[in-house]
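Enquirer: Use the sequences and the hints to build the structure in full.
There are 2 protein chains.
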Amino acid sequence: MDRNIMCPRSLRYLLAVAEHHSFTRAAETLFVSQPTLSQQIKQLEESLETQLLDRSGRTVHLTDAGEVYISYARRALGELDAGKRAIQELQDLSRGSLSLGMTPITDYLAAPLIDRFNKRYPGISVGTYEMPQDDIESGVLAGNIDIGIAFTNTLTVAANYEYIETQHLFIEPLNLAVGSTHQYAGQETPLDQHTLEQEPLALLNSDFALRRHIDLYCLEHDIKPSIAIETNSLSTIIEVLRLGRLATILPNTIACQQNEIYPVMLIPELPHHTITLISRKDSYKSPASLAFKGLAAEWGVEGCHDTPVKRTGPCPMSEVCTPNSHN
Amino acid sequence: MDRNIMCPRSLRYLLAVAEHHSFTRAAETLFVSQPTLSQQIKQLEESLETQLLDRSGRTVHLTDAGEVYISYARRALGELDAGKRAIQELQDLSRGSLSLGMTPITDYLAAPLIDRFNKRYPGISVGTYEMPQDDIESGVLAGNIDIGIAFTNTLTVAANYEYIETQHLFIEPLNLAVGSTHQYAGQETPLDQHTLEQEPLALLNSDFALRRHIDLYCLEHDIKPSIAIETNSLSTIIEVLRLGRLATILPNTIACQQNEIYPVMLIPELPHHTITLISRKDSYKSPASLAFKGLAAEWGVEGCHDTPVKRTGPCPMSEVCTPNSHN
DNA sequence: TAGCTCTATAGGCGATGACTATGGCCATCA
DNA sequence: TGATGGCCATAGTCATCGCCTATAGAGCTA
Numbered sequence: 007m008d009r010n011i012m013c014p015r016s017l018r019y020l021l022a023v024a025e026h027h028s029f030t031r032a033a034e035t036l037f038v039s040q041p042t043l044s045q046q047i048k049q050l051e052e053s054l055e056t057q058l059l060d061r062s063g064r065t066v067h068l069t070d071a072g073e074v075y076i077s078y079a080r081r082a083l084g085e086l087d088a089g090k091r092a093i094q095e096l097q098d099l100s101r102g103s104l105s106l107g108m109t110p111i112t113d114y115l116a117a118p119l120i121d122r123f124n125k126r127y128p129g130i131s132v133g134t135y136e137m138p139q140d141d142i143e144s145g146v147l148a149g150n151i152d153i154g155i156a157f158t159n160t161l162t163v164a165a166n167y168e169y170i171e172t173q174h175l176f177i178e179p180l181n182l183a184v185g186s187t188h189q190y191a192g193q194e195t196p197l198d199q200h201t202l203e204q205e206p207l208a209l210l211n212s213d214f215a216l217r218r219h220i221d222l223y224c225l226e227h228d229i230k231p232s233i234a235i236e237t238n239s240l241s242t243i244i245e246v247l248r249l250g251r252l253a254t255i256l257p258n259t260i261a262c263q264q265n266e267i268y269p270v271m272l273i274p275e276l277p278h279h280t281i282t283l284i285s286r287k288d289s290y291k292s293p294a295s296l297a298f299k300g301l302a303a304e305w306g307v308e309g310c311h312d313t314p315v316k317r318t319g320p321c322p323m324s325e326v327c328t329p330n331s332h333n
Numbered sequence: 007m008d009r010n011i012m013c014p015r016s017l018r019y020l021l022a023v024a025e026h027h028s029f030t031r032a033a034e035t036l037f038v039s040q041p042t043l044s045q046q047i048k049q050l051e052e053s054l055e056t057q058l059l060d061r062s063g064r065t066v067h068l069t070d071a072g073e074v075y076i077s078y079a080r081r082a083l084g085e086l087d088a089g090k091r092a093i094q095e096l097q098d099l100s101r102g103s104l105s106l107g108m109t110p111i112t113d114y115l116a117a118p119l120i121d122r123f124n125k126r127y128p129g130i131s132v133g134t135y136e137m138p139q140d141d142i143e144s145g146v147l148a149g150n151i152d153i154g155i156a157f158t159n160t161l162t163v164a165a166n167y168e169y170i171e172t173q174h175l176f177i178e179p180l181n182l183a184v185g186s187t188h189q190y191a192g193q194e195t196p197l198d199q200h201t202l203e204q205e206p207l208a209l210l211n212s213d214f215a216l217r218r219h220i221d222l223y224c225l226e227h228d229i230k231p232s233i234a235i236e237t238n239s240l241s242t243i244i245e246v247l248r249l250g251r252l253a254t255i256l257p258n259t260i261a262c263q264q265n266e267i268y269p270v271m272l273i274p275e276l277p278h279h280t281i282t283l284i285s286r287k288d289s290y291k292s293p294a295s296l297a298f299k300g301l302a303a304e305w306g307v308e309g310c311h312d313t314p315v316k317r318t319g320p321c322p323m324s325e326v327c328t329p330n331s332h333n
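Residue numbers (my numbering), protein chains in the order written: chain A, 7 to 333; chain B, 7 to 333.
These aren't lab readings, by the way, just hints derived from the structure by calculation. You may find that some hints are simply not true.
A pair holds if it fits inside one copy or across any two, identical chains being indistinguishable in the list.
Stated by the list, open to error - Below, computed lysine-lysine pairings styled on DSS-like, alpha-carbon distance capped at 30 Å: (1) Lys299 <-> Lys48; (2) Lys287 <-> Lys48; (3) Lys291 <-> Lys48.
This structure is a prediction, so every number in the text was calculated from the model and none was measured.
Expert: Have a look at this one:
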């Protein structure tokens with residue numbers, strides 16, 4: 007039907023002939039035979055229904071139409087080359103983007119990982135979105151989020167297990183956490199169930215997996231916690247903790263990262279949290295997200311100790327943190 | 007060597023699939039089979055060493071790389087289409103350029119033709135260059151000038167006859183021309199040779215073909231003209247004529263066009279001038295120059311009477327003008 | 001006029017693009 | 001849960017295309 011050929015090849019041939027003012031010379035530089043050039047350019051001219059080259063003189067040169075056309079051809083080839091280069095940049099991770107979904111907890115935990123990723127791949131722009139774990143999962147399924155950083159929660163993940171791929175980073179103990187002026191600050195011996203029930207708590211609301219874990223723990227051990235504040239903001243909880251009166255339940259690392267926040271062990275022990283990357287199974291993975299998963303694996307093995315956080319207070323239980331990594 | 011395919015075809019296929027989010031649907035709109043699309047896009051992806059489409063989900067959609075690349079592809083295709091359109095415009099004469107070489111004389115004579123050309127093809131920019139006839143011929147040979155408007159001059163044209171193509175427009179009588187206050191202004195009877203020799207003349211210098219024709223005429227009839235002023239500017243001559251004292255020799259039409267300039271016949275009669283288009287033989291002719299030649303032929307047949315020139319003085323010899331056209 | 005240079009043409013060969021038929025995967029439905 | 005239908009990938013075949021060599025034809029030079 008439409009013999010709309012105009013392959014980049016023909017265009018490059020045209021440019022070469024125009025540049026050398028000679029089919030023969032251009033053929034040499036292009037490492038093709040001269041008849042090939044004659045033929046290809048003839049076809050290009052036929053497809054445009056216009057003479058592009060004036061072969062009548064001693065040297066070949068562009069007609070007016072050729073002069074006009076060649077500038078478009080140059081730009082078109084330029085775009086193709088630029089497109090190729092842009093893709094290269096995406097692949098060598100000098101450019102790109104990555105969107106991460108995180109809970110408030112994992113946000114705190116993964117901040118050093120994100121910082122390290124940005125240091126290693128400064129050209130990749132990272133977007134982080136803080137949300138409940140369920141939203142992370144649906145975001146990953148919908149493709150809005152490349153990678154989620156969440157807790158392994160068999161209750162929720164199981165539902166979409168066949169669509170979701172997990173990569174465990176490390177296991178994180180949960181403990182009670184209190185401010186420095188709290189009565190149990192720095193206490194080395196575990197608190198028992200009864201003592202816990204006496205402590206007014208500030209907790210995330212039950213949209214969040216951490217809270218659901220805590221509720222499950224309380225249910226299993228028949229603990230009736232005294233919940234003073236429910237919120238969806240971890241920083242609110244931490245600020246309240248600093249005032250000294252309330253306690254909360256947090257991953258150990260977060261307590262250690264924060265100034266003036268002290269972890270306190272409980273008996274019975276809270277179940278450890280597994281921090282996990284989740285992503286769509288069998289889906290296309292961008293180079294940036296593969297790189298992130300790789301870096302996260304490294305970081306998980308190293309453990310969470312690399313966090314160069316300004317800390318002044320003691321962190322008596324930092325050794326509880328158990329670096330680990332699963333596949 | 008470099009399997010740098012990326013034919014516009016593949017790009018259009020990619021755009022279609024991205025647009026329809028489906029190979030099958032895209033294949034229908036492109037009137038090709040679905041496997042063809044699969045194959046072509048796979049090759050495109052291989053040549054870019056990148057996955058452009060994510061086929062894992064329910065619908066096909068672009069990967070990050072595909073998203074990036076497709077914008078370049080769109081621009082490249084846009085340039086190709088724009089180039090094609092630009093050439094169309096050149097061919098349908100809605101755009102283009104034309105450079106004309108003219109002597110001062112033919113400049114005056116052809117002004118109405120150029121005006122008419124511009125009216126008919128307003129998109130074509132016309133460049134006119136005033137120069138001696140020899141320069142016109144060399145300019146035409148060198149390709150700087152598309153079309154020259156000159157006198158047929160067997161002496162000069164003969165030298166390059168095989169490279170130059172001529173198209174006679176019309177024959178133009180030469181006469182003495184004087185200002186309105188000159189003693190012979192409005193004289194109906196021809197002047198003889200002796201009277202001519204008494205008249206001080208303002209003439210173009212011998213770079214110009216008109217002057218060489220005049221010299222030849224004088225030589226043949228053994229006339230010894232009294233040359234008062236030599237110049238390369240016709241307008242200078244005309245202004246001097248208006249002062250009333252000097253005369254010159256001019257094509258009849260120019261005398262008639264100018265206010266207050268009167269033609270006066272001579273005996274023996276001056277040889278008529280043939281106004282001629284010259285262009286390179288066997289060379290590429292742009293659509294614009296072909297259009298100009300066509301319009302010039304029309305205009306030559308109609309004669310030089312169409313010149314809508316402001317004139318106040320009488321033009322007693324206008325009937326001498328002999329419209330004509332040769333091929 | 002012979003020789004040289006340059007482009008166009010002719011004919012053959014391997015690569016490429018497009019087709020049909022088919023297989024695998026997934027989602028939907030009875 | 002097995003059947004069905006939609007969708008993309010693969011295999012195999014054929015026509016076309018791009019490129020090659022050989023050669024013709026045109027123009028310039030000696």
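Enquirer: Between lysine 291 and lysine 48, at a C-alpha cutoff of 30 Å, which is it: within one copy, between copies, both, or neither?
Expert: between (44 Å within a copy, 17 Å between copies)
Enquirer: With 30 Å as the alpha-carbon cut-off, assign the pair lysine 287 and lysine 48 to within, between, both or neither.
Expert: Classified as between: cross-chain Cα gap 22 Å, same-chain 51 Å, threshold 30 Å.
Enquirer: Please sort lysine 299 with lysine 48 into within, between, both or neither, judging by C-alpha distance up to 30 Å.
Expert: For lysine 299 and lysine 48, the Cα distance is within 30 Å only across copies (27 Å; inside one copy 53 Å).
No hint from the list above goes unmet by this structure.
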